[in-house]
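*Asks:* Here are the chains, one letter per residue:
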Amino acid sequence: MIGAEDSPGTGTDDSQPADGGEPPSERFEDVDWASIDADGGGRSPLRLAALVAAGSYGLAVASDRLVAGGDPTIDVAFGGVAFVWDATAVDWLFVATLSVLVFALVPLARNRRLVAYYWRRFRRHRPAVLSLAYLLVIFLLGTVGTLFLDPPALDVAAAYQPPVFLSVDASIPTECVGPVVEGRCQGTWRYPLGTTADGKGLLALAIFGMRVSMQVGLIATLISITIATAVGATAAYAGGWIDEALMRYVDIQQTFPTFFLFLFLAYLYGGSLFVLIVIFGVTGWGGIARIVRSEALQRSEETYVAAARSAGASGPFVVWRHVVPNVSNSIVTAATLNIPVLILSEAALSFIGLGNVTLPSWGQTIAAGRGDLATAWWVSTVPGLFLFATILAFNFLGDALRDALDPRQEVGR
Amino acid sequence: MGLKWYTARRVAWAGVAAFVILTVTFVLLDYAPDPELARIQFRAAATGADAETAAEAYAERRGLTGPLWERYLEYLGNLATGDWGWSDTRSQPVLTAILTALPYSLMYTVPAVALSTVLGIAIGLYSAFNQYTTTDYAATFVAFFGVSIPNFWFGIVLLLLFAVQLGWVPVLFDAELARTRPLSLANARQLVLPVFVLGTSAIASTMRYARAEALEYVRAAFVKAARAKGASEWRILTRHVLRPTLVPLSTILVGDLLGIILSASYLVEVVFGIPGLGRLSLEAIRRQDTALVLGTTLVPVLVAVLGNLLQDLAYALLDPRIDYGDR
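Residue numbers (our numbering), protein chains in the order written: chain A, 532 to 944; chain B, 10 to 336.
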């Protein structure tokens with residue numbers, strides 16, 4: 532009611548519409564809060580879209596599991612390009628994770644001014660901007676690119692091809708695909724990054740490895756931050772013995788060195804990608820929960836929380852509506868820094884052979900090339916470079932996000 | 010709350026934590042599928058014998074019969090008395106296997122920890138005194154590099170470069186040499202790369218913490234006062250900044266370094282072929298020797314429990330301002 536200043540001379544009758552549709556609501560007491568609340572809750576288009584997405588997702592999963600069974604989920608051919616995708620459990624989780632990400636980003640994208648503000652702060656970190664670009668490329672190649680590429684296939688004849696522009700002694704590859712110049716096999720554009728001992732192209736392997744890494748990093752982190760936020764916010768808001776019990780549990784979980792926890796569980800329950808992701812997600816949230824708790828404790832002291840409570844808001848409502856959104860900055864930062872740890876853990880477990888051996892994970896490829904260091908150095912080096920660059924990029928990104936999103940932490944930096 | 014009461018509570022909590030972890034491990038072990046049992050059942054079925062009888066005989070042999078709580082008590086008792094089980098693949102007690110492997114692990118982790126701590130604190134302090142200079146940025150980059158580079162891959166690349174291409178260090182670790190002449194030059198040469206790889210990952214966090222902690226004091230009033238009094242920069246550095254920095258740092262070091270060293274050394278050993286704890290554990294995993302896997306996992310866990318305890322006690326001793334009620 533911005534323009535409606537109270538001027539004693541004018542009666543409210545003048546401003547009333549002739550057809551008498553809506554009563555004037557110019558004074559604070561006249562505002563019909565119930566109807567405003569009803570408009571704001573329940574039926575917003577975003578919520579509707581989220582419901583529709585969740586519903587169709589549920590249907591799609593059900594149809595894949597019950598109807599399609601062992602058949603590919605999608606099998607269409609347009610213009611000679613066949614598009615076959617047999618979604619696994621991990622794929623479905625990944626789709627769910629990406630949809631949650633999209634719906635989490637919509638409210639932010641609507642707020643142009645906020646986005647511009649964050650972007651200005653973020654832009655100051657040149658390495659982080661580069662990292663973001665690199666990660667977007669990796670992400671798109673890994674998710675969209677792998678749908679259209681053929682998975683790397685066994686081809687013994689093409690084993691040990693060197694990367695393009697490089698050459699090795701012609702005795703090393705089984706059969707040189709490219710030209711042999713002065714007894715040295717030249718790399719070709721058919722395998723730009725060379726091939727492994729099985730003749731699989733390293734570029735294709737690296738791209739499929741991107742998908743594995745992104746799936747591990749994003750899905751497990753989403754599981755982690757969901758649990759961590761619930762636990763941290765509950766502990767901070769409830770206090771008392773609930774806080775004590777929850778945080779003591781986190782203490783114990785944190786004491787177990789993460790890597791050995793993953794190692795032990797992967798050994799006991801098998802190392803399929805799905806199990807690995809669940810292990811990472813369900814056991815790796817302790818640190819984030821602590822951050823959420825300490826942040827939420829500070830937010831709970833704020834006056835808006837007291838105001839909401841005195842207005843009669845219930846505990847869970849206050850946590851969900853006021854505390855969690857106000858600690859989301861810390862959650863985003865912690866999540867970004869959690870992703871590289873998980874990607875590295877997955878690579879390490881694959882490297883020592885605890886992962887799924889058939890999966891084109893980067894760690895797997897590095898391990899495969901270890902025996903050929905003297906002859907085919909590129910097999911281990913190439914996927915390792917991608918792994919290193921991805922982890923570095925996530926660390927740069929997380930550091931810059933902390934600066935951009937969290938003005939409270941500027942002291943001492 | 011006084012220091013004594015705090016110490017007592019903290020020690021008791023470490024005991025509880027260790028107990029809970031052991032219990033959880035027991036439950037996990039109990040519910041996990043047993044590859045050995047499956048193999049025995051398969052073999053029995055293949056030869057026409059009754060799979061059930063074979064499974065029962067196996068359980069009898071392993072002491073897996075009886076009610077759950079009885080086995081649980083036995084498990085706890087065995088662990089407490091140092092009977093950590095029998096390694097089938099190595100035909101020796103698990104504890105013996107661990108004790109044999111331990112010196113090889115210590116041989117490179119101790120120098121790596123010492124080097125990374127001294128260098129990390131030195132570089133961190135230098136960065137704090139020269140904030141936002143090129144050197145500071147370089148140090149920050151080195152820290153990011155150390156945190157981000159996958160240890161096992163870094164080890165492979167260094168092996169490729171210095172062992173395969175240049176031939177400066179041996180490709181294969183000679184365990185016999187390390188055992189008979191641990192202080193020889195030849196042994197030092199083969200340990201250089203593992204120490205370096207482990208050091209890079211450990212130095213990064215030390216450096217960042219040292220820089221952040223020292224920054225709190227670089228502009229403190231007492232440092233300004235010392236400078237106004239005419240104290241030399243070196244004296245300010247060692248007397249006024251380093252000392253308060255060391256207090257939080259010493260505690261961070263225990264907990265944080267431990268985690269890094271424990272997990273990093275695992276992969277470093279695999280890459281360099283050092284027959285330490287990591288290799289022992291990996292061999293146990295590959296050959297599905299569950300008793301040995303459990304033993305080699307419990308060692309780092311118990312070390313971590315102890316490390317956390319020492320960290321908290323060190324903090325309470327070194328910093329009298331600590332609030333004992335806080336966690």
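Derived from the structure by calculation, the hints contain no laboratory data.
Idealized CB from N, CA, C, for every residue including glycine.
Keep in mind that the hints are not guaranteed to be accurate.
Unchecked claim - Have a look at the derived ranges for each label pair, beta carbon to beta carbon: (1) VAL20/B to ALA664/A: 50 to 60 angstroms; (2) ALA905/A to VAL119/B: 41 to 51 angstroms; (3) ILE822/A to VAL20/B: 25 to 35 angstroms; (4) SER825/A to ALA240/B: 48 to 58 angstroms; (5) LEU697/A to LEU326/B: 56 to 66 angstroms.
To be verified - Covered stretches of chain A, as calculated for chain B (at least 3 residues, CB under 8 angstroms): (6) 780 to 793; (7) 907 to 914.
*Asks:* None of the hints should be skipped; say for each whether it holds.
*Replies:* Here is how each hint holds up against the structure:
1. A hinted range of 50 to 60 angstroms holds for the C-beta pair VAL20/B and ALA664/A, which are about 51 angstroms apart.
2. In this structure the supplied range 41 to 51 angstroms is violated for ALA905/A paired with VAL119/B, their Cβ-Cβ distance being about 31 angstroms.
3. For the hinted restraint 25 to 35 angstroms between ILE822/A and VAL20/B, the CB-CB distance of approximately 27 angstroms keeps it satisfied.
4. Checked against the hint of 48 to 58 angstroms, the C-beta distance between SER825/A and ALA240/B comes to roughly 37 angstroms, which is inconsistent with it.
5. Between LEU697/A and LEU326/B the CB atoms are about 58 angstroms apart, so this pair conforms to the stated range of 56 to 66 angstroms.
6. For the segment 780 to 793 of chain A, the stated coverage by chain B holds: 8 residues have a C-beta nearer than 8 angstroms to a C-beta of that chain, and at least 3 were required.
7. Only residues whose beta carbon comes within less than 8 angstroms of a beta carbon in chain B count, and the segment 907 to 914 of chain A has 3; three or more means the coverage holds.
The structure fails to meet hints 2, 4 from the earlier list, while all remaining hints are met.
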